[in-house]
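Q: Sequence:
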Amino acid sequence: MKTIGLLGGMSWESSDIYYQQLNRKIQQSYGGLHSAKVILSSVDFHEIEQLQRENRWEEAGQYLAQLAMQLELAGAEVIALCTNTMHKVAEQIESAVQVPFLHIVDATTQVIKKQNIQCVGLLGTAFTMQQDFYKARFIAQGIEVLTPTLADQMIVHDVIYQELCRGKINASSKHEYLRIIQTMLQQGAEGIILGCTEIGLLIQQQDLQVPIFDTTHIHVDALVEFSLSN
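The sequence shown lines up with residues 0 to 229 when you count with numbering that gives the first Met the number 0.
To be clear, the hints were calculated from the coordinates, so they are not data collected in a lab. Only a predicted model underlies this, so the values are computations on that prediction, with no experimental measurement involved. No residue lacks a Cβ here, since even glycine has one placed at the ideal position from N, Cα and C. Heads up, a few of these hints could be off.
[Stated by the list, open to error] Estimated spans, in silico, between C-beta atoms of each pair: (1) 54 / 161: 33 to 39 Å; (2) 157 / 15: 33 to 39 Å; (3) 19 / 141: 29 to 35 Å; (4) 131 / 49: 22 to 28 Å; (5) 130 / 72: 29 to 35 Å; (6) 112 / 182: 21 to 27 Å; (7) 206 / 131: 37 to 43 Å; (8) 65 / 229: 28 to 34 Å; (9) 166 / 143: 30 to 36 Å; (10) 53 / 178: 30 to 36 Å.
[Unchecked claim] Here are the simulated EDC-like pairs of lysine to aspartate or glutamate, each with C-alpha atoms no more than 20 Å apart in a straight line: (11) 36 / 224; (12) 36 / 220; (13) 24 / 220; (14) 87 / 105; (15) 167 / 43; (16) 1 / 71; (17) 167 / 206; (18) 87 / 48; (19) 36 / 15; (20) 87 / 43; (21) 113 / 220; (22) 87 / 57; (23) 1 / 93; (24) 112 / 143; (25) 87 / 58; (26) 112 / 224; (27) 113 / 143; (28) 112 / 189; (29) 87 / 53; (30) 24 / 189.
Using the sequences and the accompanying hints, generate a full structural model.
A: Have a look at this one:
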């Protein structure tokens with residue numbers, strides 16, 4: 000079993016899901032008292048959010064790259080970033096370490112392609128929905144990406160930062176998300192990417208008739224597969 004290095008705390012709610020799911024899936028695979036080998040570096044999300052808001056991405060990338068190097072020195076054999084938005088600085092992190100960096104979009108793309116889906120709707124932070132660092136990686140692999148209107152993007156974004164990242168789950172916000180999703184389905188989306196690691200706290204597969212691609216759980220599955228590979 001390989002040791003997994005996690006860059007977490009963005010927010011800690013989603014990192015908690017990573018830790019729980021990694022251990023549960025390893026136990027399901029091996030049984031008994033087995034659990035995942037995990038090294039977690041958890042940041043203060045307040046500091047990261049401030050860097051995001053002030054457009055100081057280079058500085059954020061340097062900080063996370065330094066933490067990734069520390070994870071590698073501590074024995075991590077693969078690095079994963081427990082957040083979608085900060086994959087904007089994935090290249091800085093990947094170039095700083097010698098061990099593999101498992102990109103959340105690549106893992107998600109493989110699952111989407113297995114279902115022969117060519118057009119997806121994307122929910123995430125405003126950074127993820129508006130900028131190319133995330134969408135372009137799907138598009139480069141032949142998957143069309145739809146996003147909400149700018150007004151609806153701000154609703155999605157605000158719910159993430161003001162509610163989900165603070166552990167708040169509101170029925171009214173879920174209703175708005177489902178409305179926004181329905182609009183993208185009417186525009187041709189065949190599935191929905193939950194492109195923020197906290198959205199799975201609000202929207203689950205039973206809420207929709209089309210496939211949802213919860214990037215958190217997909218990323219965890221890919222990490223487990225890597226950890227157990229020879």
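Q: Compare the distance between the alpha carbons of residue 24 and residue 189 with 20 Å, and conclude whether the hinted pair is satisfied.
A: violated (28 Å)
Q: Is residue 87 close enough to residue 57, meaning Cα to Cα at most 20 Å?
A: holds (10 Å)
Q: Compare the distance between the alpha carbons of residue 87 and residue 43 with 20 Å, and conclude whether the hinted pair is satisfied.
A: It holds: about 18 Å lies between the C-alpha atoms, which stays within 20 Å.
Q: Given a hint of 22 to 28 Å, does the C-beta separation of residue 131 and residue 49 actually sit inside it?
A: Holds: the Cβ-Cβ distance is about 23 Å, inside 22 to 28 Å.
Q: Within 29 to 35 Å: is that where the Cβ-Cβ distance between residue 130 and residue 72 falls?
A: holds (31 Å)
Q: Keeping to a limit of 20 Å between CA atoms, is the pair of residue 1 and residue 93 held or broken?
A: holds (18 Å)
Q: What's the verdict on residue 87 and residue 48, does the C-alpha distance respect the 20 Å limit or exceed it?
A: Holds, at roughly 13 Å.
Q: Holds or violated: residue 167 with residue 206, Cα cutoff 20 Å?
A: holds (18 Å)
Q: Hint check: residue 87 vs residue 53, CA-CA at most 20 Å. Holds or violated?
A: Roughly 15 Å between the alpha carbons, so the hint for residue 87 and residue 53 holds.
Q: A range of 37 to 43 Å was offered for this pair. Does it hold for the Cβ distance of residue 206 and residue 131?
A: Violated - the Cβ-Cβ distance for residue 206 and residue 131, about 29 Å, lies outside 37 to 43 Å.
Q: Quick check: does the Cβ-Cβ distance between residue 53 and residue 178 fall within 30 to 36 Å?
A: holds (32 Å)
Q: Confirm or reject the claim that residue 19 and residue 141 have a C-beta distance inside 29 to 35 Å.
A: Once the Cβ atoms are compared, 33 Å apart, the range 29 to 35 Å for residue 141 and residue 19 holds.
Against the hints set out earlier in the document, violations occur for numbers 1, 2, 7, 30.
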